[in-house]
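As given, the protein sequences belong to chains A and B, one line each in that order.
Mapping of the first sequence onto the working numbering: residues 1 to 322, in sequence order.
Mapping of the second sequence onto the working numbering: residues 323 to 624, in sequence order.
Hints are computed from structural coordinates only; laboratory data are not their basis.
Hints should not be assumed to be uniformly reliable.
Within a straight-line C-alpha distance of at most 35 Å, the following computed DSBU-like cross-link-like pairs (lysine-lysine) qualify [claimed, not checked]:
# : chain 1 : residue 1 : chain 2 : residue 2
1 : A       : Lys-18    : A       : Lys-316
2 : A       : Lys-289   : A       : Lys-316
3 : A       : Lys-112   : B       : Lys-475
4 : B       : Lys-470   : A       : Lys-112
5 : B       : Lys-585   : B       : Lys-491
6 : A       : Lys-29    : A       : Lys-282
7 : A       : Lys-269   : A       : Lys-157
8 : B       : Lys-585   : A       : Lys-112
9 : A       : Lys-38    : A       : Lys-289
These figures come from a predicted structure and were not determined experimentally.
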Amino acid sequence: MKGRFLEQIMLMLGQAPKKPVEFTPEAQKIHKMKRMTKDDFEAMKQHVRDHALEKNTWRNRRWTVLILVNILFTFSFWLDIQILEGALTASRFVGFHLIDLNSALQVMLAHKHIIVNLFIGTATVFLLWAALGGRSFCSWVCPYHLVAELFEKLHLKLVAKKLVTDHEFHRGARTVLWVLFTLLAVVTGFTVFETLSPTGILSRALIYGPSLALGWVALLLVFEVVYSRRAWCRYICPIGLTYGAVGVISPVRVVYDLNHCFHEGDCRKVCLVPHVLEVVIKGRSPDVKVPIGPDCTRCGLCVDTCPSGALKFEVKGLNKLL
Amino acid sequence: MSQETESGPAVPAESEAAPAPRARKGGAAPRSNARALEARRRFIRTAVTSTAVVGAGLAGYLPVAAQADNPRLRPPGALDESDFLSSCIKCGQCVQVCPVQAIVLGDITDGFGLGVPYIDSREQACDFSCDAVQCILACPTGSLVYRKPDFLKIRPGAELAHKPVLKAKANDPEPTLNLIERAGLARLSRPDACLATQGKGFKGQARGPEFKGQMRYMAVDRWAPIPVADHPYERDLCDLCVTECPIQDAIRLEVTEAADGSKRGVPVVMEQCVGCGVCEMICPVEPTAIVVESRVVWEGEA
């Protein structure tokens with residue numbers, strides 16, 4: 001398990017997953033057991049599969065939260081209830097400043113001046129998402145994530161009918177783009193990425209009404225449907241990397257349990273960032289329990305999908321307390 | 323033996339694989355070669371897409387350059403244009419607090435100005451009916467400020483002679499607006515079309531019955547702006563831009579009386595004009611005879 005922390009960060013930045021070199025004795029034992037009794041293992045797997053309940057618990061919770069947060073933004077303005085004023089880039093929650101980390105970064109670097117409110121709002125949001133899982137911002141709040149998730153279903157249907165194929169990109173692109181947009185903000189003095197961000201565009205459209213900018217969002221969705229599955233969130237969006245970096249220190253995560261896993265790989269099929277689930281491949285888990293890395297959006301699709309309960313949400317340290 | 327090796331995945335493939343790069347499975351191409359090919363393809367499409375994304379982002383500069391000569395009118399307290407674009411976080415909190423909804427957000431056609439607030443005075447001007455310049459209070463990043471940080475200089479002529487006195491607050495203990503710079507300057511752009519210069523009066527709704535714009539009328543309600551259409555006027559010599567101007571000493575009507583007793587007037591913009599745009603909104607002539615020009619500085623009375 002040593003070095004795994006750093007490895008997971010490199011994985012987020014775009015490095016290909018590596019096979020572990022060291023296994024704990026417990027993990028070795030389980031790997032061995034799974035090899036030795038193949039027929040029994042297959043029979044057990046089939047049994048679990050047949051008895052697995054189809055559930056969308058976490059997806060439904062997540063969609064509810066995402067929709068509620070965005071509705072709260074909208075209603076705060078429309079109905080003048082003033083609970084969450086502003087848009088996703090910056091807002092006030094009952095008066096307290098909240099500022100999106102990536103937008104804050106762009107503004108700070110472009111303007112090169114930080115006023116107190118900007119600092120307070122950024123620090124608050126940093127602590128919030130450090131506590132709640134970093135990239136959980138993506139799957140639990142970002143409106144583009146939900147829209148892209150729905151269009152992903154269309155993409156998968158078209159793939160099944162062999163009408164389109166998914167073209168993978170090198171995941172390092174996101175890291176390169178993050179650096180480029182950061183440099184561009186410093187050099188040009190414009191918040192270049194904000195012009196492209198579908199998160200900002202959609203959030204403002206929901207609150208202040210539709211705009212031509214939605215055409216750009218539509219273009220991204222078409223690209224994802226016909227050419228590359230979830231391309232924006234997977235390979236491009238620097239917001240994801242910014243929050244991913246915050247998630248490095250977050251206690252909220254999904255934890256993999258080798259004991260319960262039958263290595264069917266269903267989780268990797270539904271995952272937005274399947275490279276974080278490399279560990280579920282047969283023979284790859286270095287330990288019996290392995291926390292999933294920071295690039296995970298904590299969306300819970302794998303938790304819902306796993307027929308044998310090998311993937312579960314966990315808050316680090318809280319299990320001991322409970 | 324040699325035949326078997328040929329069908330196997332190792333030796334002769336290189337020459338065969340090159341003309342038929344699609345043969346990935348079952349073909350003669352060895353796996354390693356097909357992988358390398360896919361990796362190269364992946365690299366190319368990644369590079370192309372990434373370049374396209376950065377290019378699309380940078381294209382946001384084009385509308386900014388195109389608008390350089392005729393920039394958008396920004397809300398009061400806005401930093402200079404390039405500083406404003408860089409510091410604005412595009413959240414629209416200024417939009418939310420404006421009692422007359424004068425502030426709107428730029429669209430993608432504004433490039434880097436996407437999501438950045440501006441005011442279209444002819445449609446809805448800022449009449450300071452909030453009294454305290456709420457948009458400045460709402461701004462989380464200091465794009466709209468009462469006082470600029472020291473490292474940002476004030477352009478010559480942008481500074482007001484003294485803090486503007488809000489007519490609505492004239493009797494309050496503190497009658498001024500906390501503004502140091504003007505957003506722009508009003509200009510009588512079509513003097514020949516101006517009703518006053520023609521010696522004409524005005525009667526009726528300033529902008530017709532369909533006009534949606536609102537204004538605060540102290541005589542009606544200090545805290546509730548009403549539609550301009552609900553407040554008809556009757557003037558012997560049109561002076562709406564002067565009487566409706568919310569700022570003291572910002573505009574006056576110079577009246578000359580002819581020998582036959584007929585009067586003609588010329589609206590004259592004065593140094594205290596903050597560029598709020600109310601004169602442009604209220605002007606009953608179509609198209610307007612007076613406009614507010616964003617970012618224009620004071621260079622003496624025209």
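Assess, step by step, whether the Cα of Lys-18/A is no farther than 35 Å from the Cα of Lys-316/A, and give holds or violated.
holds, 24 Å
CA of Lys-289/A to CA of Lys-316/A, is that 35 Å or under?
Since the Cα atoms of Lys-289/A and Lys-316/A sit roughly 12 Å apart, the hinted pair holds (cutoff 35 Å).
Lys-269/A and Lys-157/A: Cα distance at most 35 Å?
The given pair, whose Cα atoms are some 14 Å apart, holds under the 35 Å limit.
Is the hinted pair Lys-585/B and Lys-491/B satisfied, with a Cα-Cα distance of at most 35 Å?
holds, 31 Å
Straight-line alpha-carbon gap Lys-29/A to Lys-282/A, limit 35 Å
holds, 13 Å
Between the alpha carbons of Lys-470/B and Lys-112/A, is the straight-line distance 35 Å or under?
The given pair, whose Cα atoms are some 14 Å apart, holds under the 35 Å limit.
Regarding the pair Lys-585/B and Lys-112/A, is the alpha-carbon distance no greater than 35 Å?
Measuring from Cα to Cα gives roughly 55 Å; hence the hint is violated.
Mind checking the alpha carbons of Lys-112/A and Lys-475/B for me, to see if they're no more than 35 Å apart?
At roughly 15 Å apart (the allowed maximum being 35 Å), Lys-475/B and Lys-112/A satisfy the hint.
Does Lys-38/A pair with Lys-289/A here, judged by a C-alpha cut-off of 35 Å?
Distance ~22 Å between Lys-38/A and Lys-289/A Cα, so the pair holds.
Violated hint: 8 only; the structure is consistent with all others.
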